[in-house]
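Using the hints, position chain B against chain A.
Protein chains: 2
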Amino acid sequence: MPSTDGATGLVSPSRPASPNRSAPMTMKAIAVIPGKPDSMHLREVPRPRVDEIPGGRGVLVKVLRVGVDGTDKEINAAEYGAAPEGFDYLITGHESFGRVVEVGPNVTELAVGDYVVATVRRPGSSIYDQIGTYDMTTDDMYYERGINLRHGYLAEYYVDDPEYIVKVPPGLKEVAVLLEPTTVVEKGLAQAYEIQRRLRVWRPRKAAVMGAGTIGLLAALALRLRGLDVTVFGRTAAPYLNSDLIHDLGARYLSTVATPILDGARQHGPFDLIFEATGASSVVFESMQALAKNGVLVLSSVTGGDHMIQVPADRINLEFVLGNKVMVGTVNANREYFEMGVKDMTHAESQYPGWLERLLTHPVRGLENWKLLLETLTHARGTIKVYCEVAEDSSVTA
Amino acid sequence: MPSTDGATGLVSPSRPASPNRSAPMTMKAIAVIPGKPDSMHLREVPRPRVDEIPGGRGVLVKVLRVGVDGTDKEINAAEYGAAPEGFDYLITGHESFGRVVEVGPNVTELAVGDYVVATVRRPGSSIYDQIGTYDMTTDDMYYERGINLRHGYLAEYYVDDPEYIVKVPPGLKEVAVLLEPTTVVEKGLAQAYEIQRRLRVWRPRKAAVMGAGTIGLLAALALRLRGLDVTVFGRTAAPYLNSDLIHDLGARYLSTVATPILDGARQHGPFDLIFEATGASSVVFESMQALAKNGVLVLSSVTGGDHMIQVPADRINLEFVLGNKVMVGTVNANREYFEMGVKDMTHAESQYPGWLERLLTHPVRGLENWKLLLETLTHARGTIKVYCEVAEDSSVTA
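Chains A and B, in that order, are what the protein sequence lines are. So in our numbering, the last spot in the first sequence is 422, and the numbers never skip. So in our numbering, the last spot in the second sequence is 422, and the numbers never skip.
Okay, chain A solo, but in the shape it has when bound:
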């Protein structure tokens, strides 16, 4: 029997829970009313069926865990997000982890019992969508499960085509809810390395990560796995959990309160690669000035505000020109970055065993505890990854 703290609904992520077989026709889901701030609620919705996907290609997945992040906050604040056509609500949740419970007759890629993570964006109509790189769409409209025009994963089940469902080995089942955030890093680094083929030879040695949140930590991990000397800049004074995690990778943590970025760059840079993951646009422009010759600055954080800042425009341009520097923005993600993420996460479990699990700081048990989930996401201190434990793995029979 699981040991649940009744007051908080928090459970240890690895303890078993009692099986919870949902009703055949409906299921519970966490949803919002797009356009209406603070509208998150629990509701009964139709349970998806495997035959909803044409061609016998349906894969029905029982959801085990779903992570939440800043995008979910923005969706609940009605700053972003739209309901699918024909619905007035949007099921939220885009960082999924689950297990296949049923497959259509023409599915060869996945089998009942497989652990899986679903991608988020769905193709539009541009040539980039047609070749599977829907993250590079030039369409104006985005389709993203749990975010825009498509229901998400904060529910008991979802169904999709195997094209959008990535198999995860059992060895990653305790951490696979981190795969979707990991793809932010995978895509950013893959784009950077693709771009740097322009150099014919590129052996980056020093990297910086701006921001020590979930994405910053995962970026530091991926860069350490690639053998780089990594400096992570964060706001919080060390030591704290995040700086400990960074040190345990053999990377360096600098608080910008004590060491401004450009001072840190003078000591430990300049940086061949900088991964920006702060959500603060002023850091973007400081990062431009911390880049080594031929270096690449990857922008991955969304800055929805309207901040104007003063920048040394002549100097930034001159250094980009004389140093052949590159800046690239990156938005998530297509299937291949999920597949790369699986490889990096298995590499991480082998190189830094137990490290990824330490990021799972704030589990919240059960969809019915959506208020606590939102509360933890919005107000808890020391969070790295807040997630909903939708169901226990033991509830699935392969």
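Bear in mind the hints are in silico, worked out from the structure with no lab data behind them. Take the hints with a grain of salt, since some may be wrong.
[As the list claims (entries may be wrong)] The calculated lysine to aspartate or glutamate pairs, modelled on EDC-like cross-linking and capped at a C-alpha distance of 20 Å, are:
id : chain 1 : residue 1 : chain 2 : residue 2
1  : B       : Lys-317   : A       : Asp-164
2  : A       : Lys-317   : B       : Asp-163
3  : B       : Lys-230   : A       : Asp-163
4  : B       : Lys-191   : B       : Glu-416
5  : A       : Lys-317   : B       : Asp-153
6  : B       : Lys-317   : A       : Asp-163
[Unchecked claim] Some but not every residue of chain B turned toward chain A, in silico, with C-beta under 8 Å:
id : residue
7  : Ala-337
8  : Asp-338
9  : Leu-342
[Said to hold, decoys possible] Which stretches of chain A does chain B cover? Using the computed rule of at least three CB atoms under 8 Å from a CB of chain B, they are:
id : stretch
10 : 303–317
11 : 337–344
12 : 353–362
In this text, a Cβ means the ideal position worked out from N, Cα and C, and glycines have one as well.
Okay, now just chain B, sitting in the frame of chain A:
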């Protein structure tokens, strides 16, 4: 006999001059004293010999024409430039065109009589230098003929290794002095296309060029040769020679006085590729906002000042991230971009015959007219390319 205007020293670039065989041991050259503002002067210097280059690999070139640009102004203002070791002067001039008059016994690539243009930068020690991409050097020190630590081409002769001398077909002899500036465009576009291999499919349709000076015009040409719809933004109100040249390419000219960049982008963009060649860093930051999804902004202009400007930082970052956009700086150039330039210039002569020659607006006859050369470069109006006609082609006997 040439028809020279004695008062101005200006000659038509295509008229023959009397042969001028220089003395065997010395020659005339235009030089500056680095560190001393306004020190440009004519001097007698040792005439280079083919055996100065080791291994029997010397190529002695008689200089026919040398273009001048903003860098030459900066060098004369002592804002930039250093003398070679052992010298207190620097022979200036980096946009060369000449003809081979003597080769060492182990030169197979070039023969006496060949028309040639020399590259500018020389290798340092980094891995990029070692593989021939010395324009991507990560060294702190740059070696550039006519600019920094190496003598330039504003002289009667120069000698070099064939590695740094690019053959030009006789069909380009009237315009080949434009090859060095063309390499700015060639490298910028080559880097952009290399970078865009990250997209697997890239079919850019709309391009913008910021600036309608020599580089801007050559960028518009190269982009039209690649089939793009091109909009050039300049400050001057049309019509004038530069806007006429742009129209004659089938491109569009917009004066930013009448049409600010972002308005122009709304009408004719967004732009898959933007080539920035204004020398004004504020334009760089405006250009960032005129870029299409997956677009690439090429920065090629040097901004030596200290301007600070106010920018919409959140918006620029957000658009780069959500649109997967790229910005790349580019500094010139290695041999391959000269070879690409030859191809584009021959293509241009076939597609737009006579167009390149119209850029040669301000010839100045003879090294001894260096004052007029500098005066024309600094003060003349309506200049596109100012250059010194060092010697007539007919003075060379193959």
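Right, here's what the structure says about each hint:
| no. | hint | in the structure |
| --- | --- | --- |
| 1 | B:Lys-317 / A:Asp-164 | 9 Å, holds |
| 2 | A:Lys-317 / B:Asp-163 | 9 Å, holds |
| 3 | B:Lys-230 / A:Asp-163 | 16 Å, holds |
| 4 | B:Lys-191 / B:Glu-416 | 18 Å, holds |
| 5 | A:Lys-317 / B:Asp-153 | 13 Å, holds |
| 6 | B:Lys-317 / A:Asp-163 | 9 Å, holds |
| 7 | Ala-337 | 4 Å, holds |
| 8 | Asp-338 | 4 Å, holds |
| 9 | Leu-342 | 5 Å, holds |
| 10 | 303–317 | holds (count 6) |
| 11 | 337–344 | holds (count 8) |
| 12 | 353–362 | holds (count 3) |
Of the numbered hints listed earlier, not one is contradicted by the structure.
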